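Per the UniProt record's numbering, residue 1 is the first one in the sequence shown, and the count goes up by one each step.
The set of hints was computed from the structure by calculation and includes no laboratory data. Worth double-checking, as some hints may not be accurate.
As the list claims (entries may be wrong) - Label pairs and their computed distance ranges (CB to CB): (1) F13 with F34: 28 to 34 Å; (2) D36 with G12: 17 to 23 Å; (3) V32 with E11: 18 to 24 Å; (4) D36 with E11: 14 to 20 Å; (5) V32 with G12: 19 to 25 Å; (6) R14 with F34: 28 to 34 Å; (7) G35 with R14: 18 to 24 Å; (8) F31 with E11: 25 to 31 Å.
Just so we're clear, the structure is a prediction, and the values are computed from it rather than from any experiment. We put the beta carbon where it would ideally sit given N, CA and C, even for glycine.
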Amino acid sequence: RQGKDSNNLAEGFRISGLGQLIEAGIQSERFVVFGD
């Protein structure tokens with residue numbers, strides 16, 4: 001997406017939308033964001 005690869009995700013996983021990203025953040029123990 002937008003010229004960015006997804007090699008920061010484990011094999012077999014992908015983030016396909018904002019809703020899934022939010023849900024993953026809610027269910028995870030940690031959520032790391034780099035940048036602004």
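Cross-check of the supplied hints:
Remark: the range hint 28 to 34 Å for F13 to F34 is contradicted by a beta-carbon distance near 19 Å. Against the hinted window of 17 to 23 Å, the Cβ-Cβ separation of D36 and G12 comes to about 30 Å, which falls outside the hint. For the hinted restraint 18 to 24 Å between V32 and E11, the CB-CB distance of approximately 19 Å keeps it satisfied. For D36 and E11, the Cβ-Cβ distance of about 29 Å falls outside the hinted range of 14 to 20 Å, so the restraint is violated.
Here the CB-CB span from V32 to G12 is close to 20 Å, well matched to the stated 19 to 25 Å. Hint check: R14 to F34, Cβ distance near 19 Å, so the stated range 28 to 34 Å is violated. In this structure the hint that G35 and R14 lie 18 to 24 Å apart at CB holds, the actual value being about 21 Å. Between F31 and E11 the beta carbon distance is about 20 Å. The supplied range of 25 to 31 Å is therefore violated.
Checked against the numbered hints above, the structure violates hints 1, 2, 4, 6, 8; every other hint is satisfied.
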